[in-house]
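Undergrad: Going by the working numbering, the sequence shown opens with residue 33, and the numbers climb by one from there.
Treat the hints as calculated values from the structure; they're not laboratory data. No residue lacks a Cβ here, since even glycine has one placed at the ideal position from N, Cα and C. A few of these clues could be false.
What the hints assert, rightly or not - Between beta-carbon pairs, the in silico distance windows are:
| hint | residue 1 | residue 2 | range |
| --- | --- | --- | --- |
| 1 | Phe82 | Asp116 | 27 to 35 angstroms |
| 2 | Gly65 | Ala88 | 46 to 54 angstroms |
| 3 | Ser80 | Lys59 | 22 to 30 angstroms |
| 4 | Ala88 | Leu52 | 21 to 29 angstroms |
| 5 | Asp85 | Trp57 | 38 to 46 angstroms |
| 6 | Gly87 | Leu54 | 18 to 26 angstroms |
| 7 | Ala88 | Ala63 | 17 to 25 angstroms |
| 8 | Pro93 | Glu66 | 17 to 25 angstroms |
| 9 | Leu107 | Ile81 | 29 to 37 angstroms |
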Amino acid sequence: MITRLRTRNFKSLRNVGLSLGLVAWEKVRLAPGESKAVTLDLDPFYLSIFNADKGAWELAPGEYIIHAGGSSRDLPLRGSIHMD
């Protein structure tokens, strides 16, 4: 199984109407019926957008909704972070 972490910043124009972006992942081996805690590091670069006017990547401020699960169609866990 591959654990996936996806996010969207609702105040960032780049994500309006788009699917959730994949920002972290880890392959986890599980036996049938087994469960495991997984910790994923979220690199702020993967939340950044390219500002063509500045010619640089920047982290848009605002609330990021975080979804986690085994596939893009199965994301049962949800949380949020705020970036200033």
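Undergrad: Cβ-Cβ distance between Pro93 and Glu66: within 17 to 25 angstroms?
TA: Distance hint for Pro93, Glu66 is violated at roughly 40 angstroms.
Undergrad: Please test the hint of 21 to 29 angstroms on the beta carbon pair from Ala88 and Leu52.
TA: 24 angstroms, holds
Undergrad: Confirm or reject the claim that Gly65 and Ala88 have a C-beta distance inside 46 to 54 angstroms.
TA: Holds - the Cβ-Cβ distance for Gly65 and Ala88, about 48 angstroms, lies within 46 to 54 angstroms.
Undergrad: At the C-beta level, are Asp85 and Trp57 separated by a distance inside 38 to 46 angstroms?
TA: 31 angstroms, violated
Undergrad: Does the beta carbon distance between Gly87 and Leu54 stay inside 18 to 26 angstroms, or does it fall outside?
TA: Hint holds: Cβ distance 25 angstroms, inside 18 to 26 angstroms.
Undergrad: Has the hinted range 29 to 37 angstroms been met by the Cβ atoms of Leu107 and Ile81?
TA: Distance hint for Leu107, Ile81 is violated at roughly 22 angstroms.
Undergrad: Taking the Cβ atom of Ser80 and the Cβ atom of Lys59, is their distance within the range 22 to 30 angstroms?
TA: 25 angstroms, holds
Undergrad: With 17 to 25 angstroms as the target window, see if Ala88 and Ala63 comply at their CB atoms.
TA: 46 angstroms, violated
Undergrad: Regarding Phe82 and Asp116, is the given constraint of 27 to 35 angstroms on their beta-carbon distance met?
TA: Check failed, 20 angstroms falls outside 27 to 35 angstroms.
In terms of the numbered hints stated before, the structure departs from hints 1, 5, 7, 8 and 9, listed from lowest to highest.
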